[in-house]
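Student: Spelled out from the first residue to the last, the chains are:
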Amino acid sequence: MNPYVPKAVEIIERHRETDDTVSYKIKWNPKHKPGQILEASYPLIGEAPFGFASFSEDYVELLIRSVGNVTNTLASLKKGDKIWVRGPYGNGFPMKEMEGNDVCLIAGGTGIVPVKAALEYIIKNRNRYGNVKVFFGFRSPKQLIFKRYFKNWEKDVELYVSVDRGDKTWKGHVGVVTTMLDNISFEPKSFAIICGPPVMIKFAAEKMLNKGLNESRIFVSLERLMHCGIGKCGHCMVRNVFICKDGPVFPYSIAKDLED
Amino acid sequence: MPYLLRDLKAFLKTLIKEHIVIAPVKEKNHYDYKVLESEDEFHLDYVNTLYPPKKFLLPYEENLLLFSKRDGEFSAKPLLNKTKRVLFGVRPCDVHGIAVMDRVFLSGNYVDSFYESRRKNTIIIAIECEKAGENCYCESFGTYKVESGYDLLLTPVDDGFIVRVGSDEGKKLINELFEETDRDEHKYPKSKTFKKEKLAKMEKYFHDELWKTEAEKCLSCAACTIACPTCTCFTIEDEVQDPETGYRKRRWASCQLKDFTEVAGGMTFRKETYKKLRHFAYHKLYWSIKQYGLRMCIGCGRCIDTCPVNINIFDIVNRLGEE
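The listed protein sequences derive, respectively, from chains A and B.
The first sequence begins at 1 in my numbering and counts up by one.
The second sequence begins at 1 in my numbering and counts up by one.
The following block holds chain A by itself, in its conformation from the complex:
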């Protein structure tokens, strides 16, 4: 099996999420774990790494933010078009290890992608987990991603959403996502899953440490430039670790020392 050869799969749903993001449901069942990654591409345009944004046997959800040539084209595909994929790669969140415990999920911006996959896994296996609190932060009310799912998730978990800057329509919390954690306490044995910009990950992880969580029970999902996804191309190497192959999920006990 040549690992670089992608497979064409059909886009079965397309949603515009925000100004610069769209999401697709694609017809693909690669038996992935929440937190794993994939490479998606379009012929003659190029390839880019993405997180699995869902956990389902029937489809895979992808969130694509237009930030360059490749992602602009990938984001412009229509329902019925083909998109090219290979994967899954990387380790994913240790969902089994978390069973029987409270779980706290924290995401900022597009960091919602792997966290949503973990959340859907938990909801599918709801009785295996204790209290589940979910914290999502976005820049503004217009930047909310996967908003249409929020209501449904609230049936199974406590969902907290904040925006950095509100507007007239916004009735919820205003402030960076970590400010929502301030008055909430957690069982010290709880697990946490965190994904977002590097600064946000650091603040959120430190906050959870202060609340008594063990650093080996706080899992963060890291982002780096990746080209191959299989630990060959070298772009995502930090110290002796390949983010694509050894990660992208690391316990904070390891992630905190991944200094360039």
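Heads up, some of the hints might be wrong.
[Unchecked claim] Below, a list of computed lysine-lysine pairs in the DSS-like style, where the Cα atoms sit at most 25 Å apart:
#, chain 1, residue 1, chain 2, residue 2
1, A, Lys142, A, Lys124
2, B, Lys204, A, Lys256
3, B, Lys69, A, Lys82
4, B, Lys69, B, Lys275
5, A, Lys256, B, Lys172
6, B, Lys77, A, Lys82
7, B, Lys69, B, Lys34
8, A, Lys7, A, Lys96
9, A, Lys155, A, Lys78
10, A, Lys256, B, Lys258
11, B, Lys172, B, Lys13
12, B, Lys9, A, Lys7
13, B, Lys249, B, Lys120
14, B, Lys204, A, Lys27
15, A, Lys82, B, Lys249
16, B, Lys77, A, Lys202
17, A, Lys256, B, Lys275
18, A, Lys256, B, Lys290
19, B, Lys9, A, Lys79
20, A, Lys256, B, Lys201
21, B, Lys69, A, Lys78
22, B, Lys77, A, Lys27
23, B, Lys77, A, Lys7
24, A, Lys256, B, Lys271
25, B, Lys172, B, Lys9
26, A, Lys202, B, Lys275
It should be emphasised that the hints constitute simulated quantities derived from the structure, not laboratory data.
No experiment lies behind these values; they were computed from the predicted model shown.
Chain B: place on chain A using the hints.
Tutor: Relative to the frame of chain A, chain B by itself:
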């Protein structure tokens, strides 16, 4: 049982007749690997080539997939290079370098099919060195000698070459020019050395100020990673031929260049020059042990030879931890 080969030129002639033979050839001021047209182009007066033979296993630019559209649908065809080639005159350190490339591309959960195809079709004929170069540190790494990874290994002696066979492919090259011998000579020239014992303590030296002061002159030009036999990082991109055909290709990338770590949205990790220099040094000398169970550095000194501002990573290591 080793062989004695008296007439190297005659052997080269038979090789060139049947194979594409790539060997060190003299350029203006240095030697470089070239396809031999004639056995007369090869002279055994080189210490080593300025650039390693890695480009024959991982070309600077390589087409991986051919995309073509038929009936409105694209298909992807992997392009595997199966050209049979002989790398001739490879120095023992570079045989170790190829062993590192093998580890990177052929080990782990995924085998790199494109590298594998080139590698499987490459015969390696190594020749031991009679003298070490100005910036050779093979003594410190033990890479002046090689026990595997070659098809044939030649040791220069007064009356020709002692030849050892390292594989079935190598065995097939033995012809009437070779006579059996029980001579067991080797050529192991002495090179420079550095304080290798410090490598075990590299973790401790990660924040040594020396990385910053040494990096002050570093231009982040990537000459070192281009010349390094074990620097194999690459970038994958698509290239359009016409609206219905194109290639997915890869080309060399370097951790010393700015765009190497730029993620979506423009954020760049490891931006500072000293961090990039340190990343290169640590990967070659320390982290690779944890990743692959071997040190990526083979001590060939090419990063020193090609550095425009004379940075010497062994000299840096020597001085780590000093006041």
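Student: So, for every hint listed, does it hold in this structure?
Tutor: For each hint, the structure was consulted:
Using a Cα cut-off of 25 Å, the hinted pair Lys142/A and Lys124/A is violated, with the two alpha carbons roughly 29 Å apart. A hinted pair counts as satisfied when its Cα atoms are at most 25 Å apart, and Lys204/B with Lys256/A qualifies at roughly 17 Å. The hinted pair formed by Lys69/B and Lys82/A meets the criterion: a straight-line CA distance of about 13 Å does not exceed 25 Å. Between Lys69/B and Lys275/B the alpha-carbon distance is near 44 Å, which puts this suggested pair outside the 25 Å criterion.
A hinted pair counts as satisfied when its Cα atoms are at most 25 Å apart, and Lys256/A with Lys172/B does not qualify at roughly 54 Å. A distance of roughly 17 Å separates the Cα atoms of Lys77/B and Lys82/A; the hinted pair therefore holds under the 25 Å criterion. A threshold of 25 Å between alpha carbons decides the hint, and for Lys69/B with Lys34/B the separation of about 37 Å lies outside it, so the pair is violated. Between the alpha carbons of Lys7/A and Lys96/A the distance comes to roughly 30 Å, so the proposed pair goes past 25 Å and is violated.
Under the criterion of a C-alpha separation no larger than 25 Å, the hint pairing Lys155/A with Lys78/A is inconsistent with the structure, at around 32 Å. Between the alpha carbons of Lys256/A and Lys258/B the distance comes to roughly 24 Å, so the proposed pair stays at or under 25 Å and holds. At roughly 16 Å between alpha-carbon atoms, Lys172/B and Lys13/B fall within 25 Å of each other, so this suggested pair holds. For the suggested pair Lys9/B and Lys7/A, the alpha carbons sit about 50 Å apart, so the restraint of at most 25 Å is broken.
Pair hint Lys249/B plus Lys120/B holds up; C-alpha atoms about 21 Å apart against a cutoff of 25 Å. At most 25 Å may separate the alpha-carbon atoms for a hinted pair to count; Lys204/B and Lys27/A exceed this at roughly 50 Å. Among the hinted pairs, Lys82/A with Lys249/B is consistent with the structure: their alpha-carbon atoms are about 21 Å apart, no more than 25 Å. The straight-line distance between the Cα atoms of Lys77/B and Lys202/A is roughly 43 Å, outside the 25 Å bound, and the hint therefore fails.
For the proposed pair Lys256/A and Lys275/B, the alpha carbon gap of about 17 Å is at most 25 Å, so the pair holds. Pair hint Lys256/A plus Lys290/B holds up; C-alpha atoms about 19 Å apart against a cutoff of 25 Å. Restraint check for Lys9/B and Lys79/A: not satisfied, since their Cα atoms lie roughly 65 Å apart, outside the 25 Å limit. Taking the CA atoms of Lys256/A and Lys201/B, the gap is near 21 Å; set against the 25 Å cutoff, the hint holds.
Between the alpha carbons of Lys69/B and Lys78/A the distance comes to roughly 18 Å, so the proposed pair stays at or under 25 Å and holds. Distance restraint check for Lys77/B and Lys27/A: the Cα-Cα separation of roughly 22 Å lies within the 25 Å cut-off, and the hinted pair is therefore satisfied. Of the pairs offered as hints, the one joining Lys77/B and Lys7/A holds, with about 11 Å between alpha carbons and a cut-off of 25 Å not exceeded. Between the alpha carbons of Lys256/A and Lys271/B the distance comes to roughly 19 Å, so the proposed pair stays at or under 25 Å and holds.
A threshold of 25 Å between alpha carbons decides the hint, and for Lys172/B with Lys9/B the separation of about 18 Å falls inside it, so the pair holds. For the given pair, Lys202/A sits about 20 Å from Lys275/B by alpha-carbon distance, which is consistent with the 25 Å threshold.
In the structure shown, a violation is registered for the earlier hints numbered 1, 4, 5, 7, 8, 9, 12, 14, 16, 19, in ascending order.
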